[in-house]
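J.: Here are the chains, one letter per residue:
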Amino acid sequence: MDPSVPGAPRGPGGERWLDEAAGPVVRPYAVTRGRTRPRGEPLDIVAILVATGRPAPEPGRLTREQRRLLALCRRPHAVADIASELRLPLGVIRVLAGDLIDSGLVGIQRWSTPSVQPHNDPNLLRRVLDELRAL
Amino acid sequence: MSSVRSEPPEPGPLAPDDVDDRDDGPRVALKILVAGGFGVGKTTLVGAVSEIRPLQTEEALTNVGAAVDDLEGVAAKRTTTVAMDFGRITLRDGVAIYLFGTPGQERFWFMWNELSRGALGAVVLADTRRLPASFAAIDYFEQRGTPFVVAVNCFEHADRYEAAEIRGALDIGPHVPVLMCDARRAGSAKQVLVVLVEHALRLAAARSVPSPPPRPATAPAFTQDG
Ligand SMILES: Nc1nc2c(ncn2[C@@H]2O[C@H](COP(=O)(O)OP(=O)(O)OP(=O)(O)O)[C@@H](O)[C@H]2O)c(=O)[nH]1
Ligand SMILES: [Mg+2]
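As you go down the protein sequences, you meet chains S and U in turn. In this text, residue positions in the first sequence follow my numbering: the first is 257, and each later residue adds one. In this text, residue positions in the second sequence follow my numbering: the first is 15, and each later residue adds one.
If you are wondering where the hints come from, they were derived from the structure by calculation, not from laboratory data. Where is the CB? At the ideal position from N, CA and C, for every residue including glycine. Any given hint might turn out to be false.
Simulated coverage check for chain U against chain S, where a stretch passes if three residues somewhere in it have a Cβ under 8 Å from a Cβ of chain S [as the list claims (entries may be wrong)]:
id	region
1	41 to 52
2	56 to 69
3	204 to 214
Could you build all of it, start to finish, from the sequences and the hints given here?
T.: Structure (structure tokens):
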């Protein structure tokens, strides 16, 4: 950490803090080997990812975090679920998942009728309502 | 309800304890946002109605009002983590509601654009002692066309008002539901979500009235790609 940076208060451990609401300054992209932007369209926070079952061509090339992500996705998981379970920021999950999608190891479960998305499908909303009321 | 074409992924060579097998996982995810001013009860509401879980996102330092814009030439990669409220309500048949609350300070609102895309709707929490703190959230969801309800969190020492008075003070249209709640109580928090889903359903049904899209009973609602 560069001590010459102005206006950078220090936390108890010497780390730089912006204020209490924002956490410590981190470099989560060490995990993603420096990339900050996944290729292709950004993954929605509740996009549901599922492992395709295809074997990794070179399993050694996957990072530990990618192997954990792949393991989670043996059952469908939303991007937010994955970030929460792996305790990694959302943006990091997007990059890691983006690579796994590009290499065909993970697929995105898509709603195939673009004219009606889940959030404006009256039939689905009716069911959700019934179940919520019954909770 | 539409059916799902399920192609269970084949198990790969993974350590057994890597595998999460608590449930079959969601097949449809619906987003609900919980917004409102600082300290209005967002975290409390999400926690009352769902099991709250840790979730971090990151904000680029350019969003933060601190003089840290040129760090070692890697400013673009410098981020600070931001904790969000995150809860999930799992319903039957793989339907899950995901609740997201962002910190009340305005500088965290950059998350809303992404969160509100494809969202079922939003709960705008309000405190009668500080109604103006909810104006910006209301404007935002009105402009984006996101269905929203206003839930007035009834703190003990706050004066009580009728819903109509609140509606007038917030200058919201008659179609937007306004209700009183106690964000700490599960039943009350759940009722807020019920009213929101009712509202979203009314809007969705109105939209789909002219020509309901034909849906062959056998067509899969999902495909898997990638
Ligand atoms: N009396 C009363 N207190 C409440 C109620 N809801 C929340 N509180 C309290 O109000 C305080 C703020 O609630 P939070 O849920 O943290 O508010 P928040 O909107 O998440 O706040 P920020 O994330 O900081 O914007 C906490 O101390 C809660 O215990 C309520 O319905 N009644
Ligand atoms: Mg909070």
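J.: Please verify the coverage claim for the region 41 to 52 of chain U: does it have three or more residues whose C-beta sits within 8 Å of some C-beta in chain S?
T.: holds (count 5)
J.: Residue count check for the region 56 to 69 of chain U against chain S: does it reach three with CB-CB under 8 Å?
T.: holds (count 3)
J.: Taking 8 Å as the Cβ threshold, is the statement that the region 204 to 214 of chain U is covered by chain S upheld or broken by the three-residue rule?
T.: holds (count 6)
When each numbered hint is compared with the structure, no violation occurs for any of them.
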